[in-house]
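Please model the complete structure; the sequences and the hints are all you need to start from.
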Amino acid sequence: MKTNIGVFFGGRSTEHEISVISASQAMHAINRDRYDVTPIYITKQGRWYTGEALLDVANYRNLPELLKKCTEVYMRPTYGDYNLYGTKKPLLGGNPMIAHLDVVIPVLHGSNGEDGIFEGVLDTIGIPYAGCNVLASANGMDKITMKMILGACGVPVVPYVWFTDKQWFAQRDALIEEIEKKIGYPVIVKPANLGSSVGIGRAADRQQLIAKVDEAEKYSTRLIVEHMVDNLKEINCSVLGDCDDYATSVCEEPIKSGEILSYQDKYMGGTKGAQGMQASQKRIPADLPEKVSDRIRYLAGETFRVLSCHGVSRVDVIMDQDNGEIYVNEINTIPGSLSFYLWEATGIPFDKLMDRLVALAIKRKREMERKTVSYDQNIFALSGGVKGGIKGGMKSR
Amino acid sequence: MSTTVIYIIYILTALMALVPFPAELKRDLMMLQQNSYRNERYMRWLRSSGDTTSVIRLMGIVVLLFLLTPMVPAVVSMPCAFLYCGCVTGRLLGAIYKKPLVWTNRAKRIYSVQIALALFAGVAVALPLSLGGAIYTVCHIITCVAIGLYLLSHSITMAANWLLKPVETHINNRYYNEAADMLRSMPDLKVIGVTGSYGKTSTKHYLHRILSEQFDTLMTPGSFNTPMGVIRTVREMMKPYNEVFIVEMGAKQVGDIKEICDLVHPQMGIVTAVGEQHLESFGSIENVQRTKFELVDALPSDGLAVVNNDFPMCASRPVSNVECIRYAVTDTDGARYVAEDIKYGADGTEFTVVDRENGMHLRLHTRLVGECNISNLIAAVIIALRLGMNGDKIAYAVEHIEQVEHRLNVKRTAGGITIIDDAYNSNPTGSKMAMDVLRQMTSGKRIVITPGMIELGDRQEELNYRLGTYIATAADIAIIVGRYNRQALTDGIASVEGGQCRVETADTFAEAQLMLGSIASSGDTVLYENDLPDTFK
Numbered sequence: 001m002k003t004n005i006g007v008f009f010g011g012r013s014t015e016h017e018i019s020v021i022s023a024s025q026a027m028h029a030i031n032r033d034r035y036d037v038t039p040i041y042i043t044k045q046g047r048w049y050t051g052e053a054l055l056d057v058a059n060y061r062n063l064p065e066l067l068k069k070c071t072e073v074y075m076r077p078t079y080g081d082y083n084l085y086g087t088k089k090p091l092l093g094g095n096p097m098i099a100h101l102d103v104v105i106p107v108l109h110g111s112n113g114e115d116g117i118f119e120g121v122l123d124t125i126g127i128p129y130a131g132c133n134v135l136a137s138a139n140g141m142d143k144i145t146m147k148m149i150l151g152a153c154g155v156p157v158v159p160y161v162w163f164t165d166k167q168w169f170a171q172r173d174a175l176i177e178e179i180e181k182k183i184g185y186p187v188i189v190k191p192a193n194l195g196s197s198v199g200i201g202r203a204a205d206r207q208q209l210i211a212k213v214d215e216a217e218k219y220s221t222r223l224i225v226e227h228m229v230d231n232l233k234e235i236n237c238s239v240l241g242d243c244d245d246y247a248t249s250v251c252e253e254p255i256k257s258g259e260i261l262s263y264q265d266k267y268m269g270g271t272k273g274a275q276g277m278q279a280s281q282k283r284i285p286a287d288l289p290e291k292v293s294d295r296i297r298y299l300a301g302e303t304f305r306v307l308s309c310h311g312v313s314r315v316d317v318i319m320d321q322d323n324g325e326i327y328v329n330e331i332n333t334i335p336g337s338l339s340f341y342l343w344e345a346t347g348i349p350f351d352k353l354m355d356r357l358v359a360l361a362i363k364r365k366r367e368m369e370r371k372t373v374s375y376d377q378n379i380f381a382l383s384g385g386v387k388g389g390i391k392g393g394m395k396s397r
Numbered sequence: 001m002s003t004t005v006i007y008i009i010y011i012l013t014a015l016m017a018l019v020p021f022p023a024e025l026k027r028d029l030m031m032l033q034q035n036s037y038r039n040e041r042y043m044r045w046l047r048s049s050g051d052t053t054s055v056i057r058l059m060g061i062v063v064l065l066f067l068l069t070p071m072v073p074a075v076v077s078m079p080c081a082f083l084y085c086g087c088v089t090g091r092l093l094g095a096i097y098k099k100p101l102v103w104t105n106r107a108k109r110i111y112s113v114q115i116a117l118a119l120f121a122g123v124a125v126a127l128p129l130s131l132g133g134a135i136y137t138v139c140h141i142i143t144c145v146a147i148g149l150y151l152l153s154h155s156i157t158m159a160a161n162w163l164l165k166p167v168e169t170h171i172n173n174r175y176y177n178e179a180a181d182m183l184r185s186m187p188d189l190k191v192i193g194v195t196g197s198y199g200k201t202s203t204k205h206y207l208h209r210i211l212s213e214q215f216d217t218l219m220t221p222g223s224f225n226t227p228m229g230v231i232r233t234v235r236e237m238m239k240p241y242n243e244v245f246i247v248e249m250g251a252k253q254v255g256d257i258k259e260i261c262d263l264v265h266p267q268m269g270i271v272t273a274v275g276e277q278h279l280e281s282f283g284s285i286e287n288v289q290r291t292k293f294e295l296v297d298a299l300p301s302d303g304l305a306v307v308n309n310d311f312p313m314c315a316s317r318p319v320s321n322v323e324c325i326r327y328a329v330t331d332t333d334g335a336r337y338v339a340e341d342i343k344y345g346a347d348g349t350e351f352t353v354v355d356r357e358n359g360m361h362l363r364l365h366t367r368l369v370g371e372c373n374i375s376n377l378i379a380a381v382i383i384a385l386r387l388g389m390n391g392d393k394i395a396y397a398v399e400h401i402e403q404v405e406h407r408l409n410v411k412r413t414a415g416g417i418t419i420i421d422d423a424y425n426s427n428p429t430g431s432k433m434a435m436d437v438l439r440q441m442t443s444g445k446r447i448v449i450t451p452g453m454i455e456l457g458d459r460q461e462e463l464n465y466r467l468g469t470y471i472a473t474a475a476d477i478a479i480i481v482g483r484y485n486r487q488a489l490t491d492g493i494a495s496v497e498g499g500q501c502r503v504e505t506a507d508t509f510a511e512a513q514l515m516l517g518s519i520a521s522s523g524d525t526v527l528y529e530n531d532l533p534d535t536f537k
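Sequences listed follow chains A and B, in order.
Quick note: the first sequence, position 333, residue 333 per the working numbering, numbers continuous.
Quick note: the second sequence, position 27, residue 27 per the working numbering, numbers continuous.
Quick caveat, the hints were computed from the structure, so don't treat them as lab data.
Do not rely on the hints blindly, as some may be mistaken.
As a list, the in silico BS3-like pairs of lysine-lysine whose alpha-carbon atoms are at most 25 Å apart [unchecked claim]:
| no. | chain 1 | residue 1 | chain 2 | residue 2 |
| --- | --- | --- | --- | --- |
| 1 | A | Lys352 | B | Lys239 |
| 2 | A | Lys371 | B | Lys411 |
| 3 | A | Lys89 | A | Lys69 |
What follows is the structure in structure tokens.
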């Protein structure tokens with residue numbers, strides 16, 4: 001009997017392709033002596049497919065051909081039903097069961113996957129899964145709530161102003177005034193909920209600010225304008241575990257080509273294709289004094305803890321090289337390549353990282369099952385009397 | 001009477017006669033099911049219940065004789081048969097049973113064979129006789145045969161059960177092998193057996209809660225403590241990622257524990273007690289000891305046996321095949337793990353687990369009360385430590401162990417009255433333990449509400465009398481419910497010299513509850529000892 005891991009990837013997100021690469025790496029790293037793997041690919045339209053052909057990244061060049069080799073599937077939202085069912089009904093009987101999943105590892109980046117939406121589906125079904133739950137995913141994805149929580153918990157973040165697209169239309173001048181007063185140029189404009197640098201731009205004056213906000217507005221209704229650290233160094237650090245027991249990885253320093261680490265820098269790097277992500281230029285471990293890297297690792301851990309994260313995350317911090325200030329910039333709750341390269345450099349091989357994610361998923365499920373969710377008793381049917389009073393008291397769980 | 005009317009009566013009678021036997025076969029199957037599909041138990045039940053000689057069956061024989069006697073004209077006997085079959089049908093279809101038949105696959109198999117057997121026998125008798133006969137002759141024969149089948153239902157049921165025995169054995173073997181294969185495919189799984197005359201269920205629950213803090217732990221649920229129960233647990237609940245499997249092992253006769261061990265191959269085992277439970281089927285206390293220690297005998301040489309030395313029959317049994325850790329709460333000579341510095345309070349119990357060999361001290365607090373629970377917890381702690389858990393995790397888990405409902409469960413009411421709910425405990429050891437807990441409550445009046453204990457055979461009176469003597473020193477007021485054990489309990493209470501316990505009697509729990517309203521006030525403690533099933537009230 002082997003544990004069957006369902007790996008979900010793709011998805012309705014701007015980071016669809018990156019997710020395919022991350023998942024492919026993860027699925028190849030899983031120790032097949034201990035686990036079976038069922039790949040589940042979510043198309044950009046949101047349909048689910050499974051099949052062996054999904055394991056090879058080369059097959060994704062011709063998507064219609066690939067999907068022909070696969071079976072379209074779904075899961076029922078029924079609590080406790082961990083089966084994957086085919087959508088095509090045979091002549092007789094109901095939908096065929098394609099696979100039984102024991103644990104799910106979502107390797108979905110960006111919207112509809114990393115933001116808690118997909119995690120909500122998994123919680124509804126009740127299946128153990130790796131990574132952050134709905135709350136932590138949503139908070140980690142939204143740059144505004146994330147900064148609010150971090151700020152309230154004493155984790156340093158750069159000064160910021162946030163607003164909605166409607167507010168920008170109605171109160172633009174007031175907002176610009178607030179930004180100039182509170183932050184001052186240069187600023188950086190971001191949509192609140194997208195990862196991978198999409199829609200992000202730098203503005204050195206009022207005119208540029210207006211242009212960049214108009215650009216960012218295309219991607220999100222919620223927008224944030226932050227203080228831009230001019231002479232910055234970006235450092236990333238991965239955290240693995242749960243709130244009670246977590247570890248931090250060595251730090252990395254991504255090498256940037258423009259002012260902000262662009263989509264091209266991040267994922268396409270020098271080479272093209274499957275190896276692109278991990279091959280993008282970076283320095284591991286980052287060239288930092290021990291005291292600084294310790295401080296960054298501490299802040300990464302704190303970020304993970306106060307956001308109630310779970311599984312493997314990557315925290316990106318900004319260092320102001322002029323004054324040495326360190327700010328937490330963002331957290332990726334499902335980081336590209338699951339940050340395996342950082343863990344390898346820390347002494348945990350990729351297959352062990354996957355083991356750990358599965359174990360954490362099962363542990364959380366176990367802990368959740370201990371909490372009272374509903375009462376056995378039908379309160380409508382409760383009647384008084386001695387028996388009702390003594391034996392029929394409410395039972396937990 | 002016109003011929004048409006007679007025809008109609010005959011046909012209706014024959015049709016009506018076809019109803020009782022399938023309905024009766026279903027009822028018999030229900031009874032067989034409640035006797036665990038065991039023909040010998042089923043026969044014992046038939047004898048004790050008098051089902052074969054019930055009035056309705058005796059009437060059936062009379063009706064059948066009526067039908068078969070040539071002197072009685074069929075125009076008379078057939079309407080009699082019609083009325084009789086109508087009555088039987090009404091009775092069978094209208095009956096509501098406490099534990100109705102559960103249509104398991106096995107029940108469906110047996111019912112099919114029952115019906116097939118009945119039809120085969122019926123046709124074999126009726127067909128040759130009715131060939132070439134007139135319609136009313138055929139109707140007459142069908143009526144006779146159908147009533148005959150009704151009367152023979154017990155035999156048909158047992159025959160069907162007997163015929164299916166090889167099939168059932170085959171199916172069970174398949175389940176057994178599947179479960180064994182599944183266990184074999186998980187070489188890293190740690191299997192822990194828990195057995196003992198008392199305390200094994202509680203110990204299993206506590207061990208499960210503690211180990212779950214660190215390991216993915218599965219336990220056999222409820223009272224699934226037979227080989228079949230273990231097989232069902234493995235087949236239906238085992239997950240490939242389970243790390244620990246806790247198996248409660250129950251026994252009614254020598255060899256029962258070994259049978260379970262042969263299936264699950266435990267690496268560690270706890271023997272919580274050797275006592276006088278199920279003495280009649282074991283024959284002797286030595287046999288109980290031998291059976292409980294089958295678990296220890298089955299352990300591999302690198303395994304671990306954990307044995308409760310508070311029971312002399314455990315302490316006196318040497319263990320040489322495997323490392324053995326002995327623990328005790330009262331009889332601590334020769335025990336390695338003991339409890340020290342025990343403090344009972346309103347919010348539970350505090351104590352220190354001490355390893356006398358390496359000097360380890362672990363202070364624990366639990367909401368559980370009673371010495372037996374301290375003992376059960378020590379056993380679980382020994383296993384947890386051996387599996388590498390640290391003291392902090394163990395202490396956290398012990399703090400969060402839920403009280404098992406109705407087993408020495410302490411609650412506080414809004415009115416400041418402490419309620420000890422021991423409604424499900426009916427054995428002599430458990431009820432004594434409850435009295436020990438009550439005795440330690442010092443804040444106000446101590447009140448016990450109890451109907452005494454039942455199903456104790458010929459020691460019923462003696463053991464209830466003894467319970468009375470415990471009550472005398474533990475409670476200020478005893479409300480004795482019902483008449484079943486009233487005399488024995490009252491006598492027991494009265495027998496203690498200098499006892500201060502006042503005895504009240506009530507016919508029902510409702511009445512006792514009303515009395516309590518005028519007796520109890522804030523600061524008092526009320527112990528509900530052994531609520532009884534409906535049949536004994």
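Now for the hints, and whether the structure bears them out:
| no. | hint | verdict |
| --- | --- | --- |
| 1 | A/Lys352 <-> B/Lys239 | 20 Å, holds |
| 2 | A/Lys371 <-> B/Lys411 | 20 Å, holds |
| 3 | A/Lys89 <-> A/Lys69 | 17 Å, holds |
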